[in-house]
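A.B. asks: The primary structure of each chain is shown beneath.
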Amino acid sequence: MTAQTPVAPADRELIEHIEERALFARLETVRLISIAKTGHYASGFSCAEILATLYYGVMRLRRGEPDWPDRDRFLFGKGHAAATLYPLLADWGFFDAAELDEYTRLGNAFGDHPDMTRIPGIDFSSGSLGHALSAGTGMAMGGRLQGRPYTTFVLLGDGELHEGQVWEAALGAAHHRLGRLVAIVDRNDHSLDGRIDGVTGIEPLLEKWRAFGWQTHEVDGHDVSALLPLLRSLAEDTGRDRPAVVVANTVKGKGISYMESEFGWHLGWLAERDEANALAELRGAR
Amino acid sequence: MSVAPGLQPESWHLLSLLEQAPGLQALGDTLADLADEGHPVVVGTADLKYSNGLVRFQERHPDKYLQFGISEQHMVSTAAGLATTGLRPYVATFASFMALLACEQIRTDVAYTRQPVRLIGHHAGITLGFYGTSHHATEDLAVTRSIAGLTVVAPADTAALAAVLRASVDLPGPVYFRIGRGRDPDVYPAGTTLEIGKAVEHGTGSDLTLIATGSMVHPALGAAAALTADGYDVGVLDMHTVKPLDEEAVLRAARRSRLLMTVEEHNVLGGLGGAVAEVISEHGIPVRLHRHGIRDEYSLIGPPTHLYGHYRLNAAGVEAEAREALRTASRWTPGVDRV
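Protein chains in written order, with my numbering: chain A, 1 to 286; chain B, 1001 to 1339.
Just to be clear, a hint being listed does not mean it is correct.
DMTMM-like cross-link-like pairs, simulated, lysine to aspartate or glutamate; straight-line CA separation at most 25 Å [to be verified]:
#: 1; chain 1: B; residue 1: K1198; chain 2: B; residue 2: E1282
#: 2; chain 1: B; residue 1: K1243; chain 2: B; residue 2: E1324
#: 3; chain 1: B; residue 1: K1064; chain 2: A; residue 2: D70
#: 4; chain 1: A; residue 1: K37; chain 2: A; residue 2: E275
#: 5; chain 1: B; residue 1: K1064; chain 2: A; residue 2: D274
#: 6; chain 1: A; residue 1: K37; chain 2: A; residue 2: D274
Honestly, the hints are just simulated from the structure, not real lab data.
Given these sequences and hints, build the entire structure.
C.D. replies: See the structure below:
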C-alpha cells in the first residue's frame, strides 16, 4: 500500500514547517559533528525528514514533559544517527539546547549513540543494532497491558535488518498483534561496507515483512507531503490488529551533493571551509 | 495416573516434569502470588513454560503471561521495553541461553538502562547433565557478575527461591536469578526470609568455612556435618547473593578460619571463588582459599547426580575435597599475622 492521501490545504503550512525543521536537523548535525570531529552525516541525512515528520507532525508529545506516560514512543534502532535527533528533542524543551555545545566531550550526556538514562526525551538507549524493535515491542505490550493508547515508532536502518533479532521481533510483534507498533525502515541502500545488495541483500523487503504478518507501506522518505499523511494515518488507526511497517526509500547523505549515495560518508568530518560550503548547500536547497 | 491410555503409571512426558520439581513449581507460584498481591508482575518465557514452571503462573494470570517463542535475545530486550512502562517483567530461560546467548541484551538493554527486569536462568550449572555443553551454564556467574548494576542471586532451594523473589521484588535495578532444575533438597523451611546481599551463616569454623552458593549449599552443609562429627570446626556460608557480595561475612570467616573453601556449580574462574578471592586479597587477609567447582573445563555428560559425584559436588565429594584442602592448609600456621 502506498500513501496517496491528498494533503489538506491546512497541512501545507505544517509540511513547510516540517521541511524547515528537517533542514534545521541537518544543519545541527553538521555543527555537532564539527564539535566531535567525527560523525555519521549521511546516516542522519537520510532520515531527517522522517524524524522531523514524526516529531512535528505525528507523535503526541508535551513540550517540556519528556516523561508524560501517554506520549508516543520513539526508538532509534540506527542510533548512530542520534546527532540528527538531539536538536529536535532540545527544540521540544526536553533539555537546554546549550547542552549540545559539549556534544561528545568528556562526561557529556550526548554521545554518538543515545542514552536514555541521561537524555530526557530518549525513550530507549541504542547503539547495538537489532535491539530496538524488541524494546519497542515491549513498550507496545506495556501500553496495551496498562490501557495506554500511545503509538510506538521504531526507526530501523536497512543494514540493521541483517541482525537476526530484528526478525525475532518481527515474528513476535505480529504474533502478539501489536497494532500500536509502527516500524519505519530507512532504506538508504547502504551499510558501512557499501551497498546493501552487495554486502548481504535484503530484498524483496516488503514481501518479507508481509510474510511475517505485518501491514506494509512504501513511501518516499524525503517527501514530507507523503510521509505526513501516511504516518498520521498509521498513528490514528487504533483498530489495527497487527503491526505496520513503512519502508521509506531514502538517499544516504541526502542534501549534500557529493555525499549522496557515496558510502564513504557513513562516517566522516568536514574541515572548516568544506563545512561552510556544506552548510551553504543545505541552506540553498531550501 | 498414566499419561496415555494403557500406559504404566511410571511412564511420563513433558507435562509430568513439574511434578518432580518443587523448586520450579515455586517459581511460577511465587510470581503468581506477587501478581495477586498487586505487584506489577508480567512473566515471559521462551518456549519452556513446562520446563521452568511458569505454566503455573500462566494458569493463574493468563493476561500477564507472555510467550516469546524460541527468541531469547528478543525476550530480554522486550522485557527492557516493558520495564520502561512501569511493569516488572520476569523472563526465564535456561541459564546458558539467558546469560550467554542473551548476554549483550542483558548488558546493553537491561543493565545499562537500569531497568527493573528480572532474569531467571534456570537449569544452571551442569543440571542438564547429558544435554551437554550447549545446555550447561558454568560461566553465567562470571558473566553476570561483571555486568555493572546487575544483582546476582543464587538461592539454595525452593524456600530460598521464594524468599529471594520476595526480597527483591521492589529492587529498582535488574536482577539475575540463578536456579537449578527445581529438585534441590531442602535447606530451609517454607516461609524462610532472606535479605539480598546478606549471607546466611550456618555455624562458625576455626578450621574451615565453606562458602557455597545455590545448589552447593546443601552438599556443603552435609560435608560440614561429616567433618564436624570427625572433630573439625567447620562453618558454612550460604552466599545466595553473589553480587553485591556480603564482604563482611567473607571477612568474618576469613579472620576466623584457617581455610576458606568456595563451592559452586560453576567454573572456579570468575564466579563465587573469584569474588571471594578478590575480597580477601584486597583486605590483605592471610587466609588460604581453595576454590572448588568445575576446574576451567567443559563438563562431561552424564546423569546430573553422577556428574556431581564425578566432580565432587555432592556432600561426600565436598567433604573429600575439604579434607584434602585441610591437609594442605595445615602447612600454614594459624593465628600468625591475622588482621
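A.B. asks: Check the hint pairing K1198 (chain B) with E1282 (chain B) against an upper bound of 25 Å on the C-alpha distance.
C.D. replies: holds, 20 Å
A.B. asks: Measure nothing beyond the straight line between the CA atoms of K37 (chain A) and D274 (chain A); if it is 25 Å or shorter, mark the hint as holding.
C.D. replies: At roughly 13 Å apart (the allowed maximum being 25 Å), D274 (chain A) and K37 (chain A) satisfy the hint.
A.B. asks: Compare the distance between the alpha carbons of K1064 (chain B) and D70 (chain A) with 25 Å, and conclude whether the hinted pair is satisfied.
C.D. replies: holds, 21 Å
A.B. asks: Would the pair K1243 (chain B) and E1324 (chain B) pass a check requiring their Cα atoms to be no farther apart than 25 Å?
C.D. replies: Roughly 29 Å between the alpha carbons, so the hint for K1243 (chain B) and E1324 (chain B) is violated.
A.B. asks: Does the structure keep K1064 (chain B) and D274 (chain A) at a Cα separation of 25 Å or less?
C.D. replies: violated, 56 Å
A.B. asks: Is the Cα-Cα distance between K37 (chain A) and E275 (chain A) 25 Å or less?
C.D. replies: holds, 11 Å
In terms of the numbered hints stated before, the structure departs from hints 2 and 5, listed from lowest to highest.
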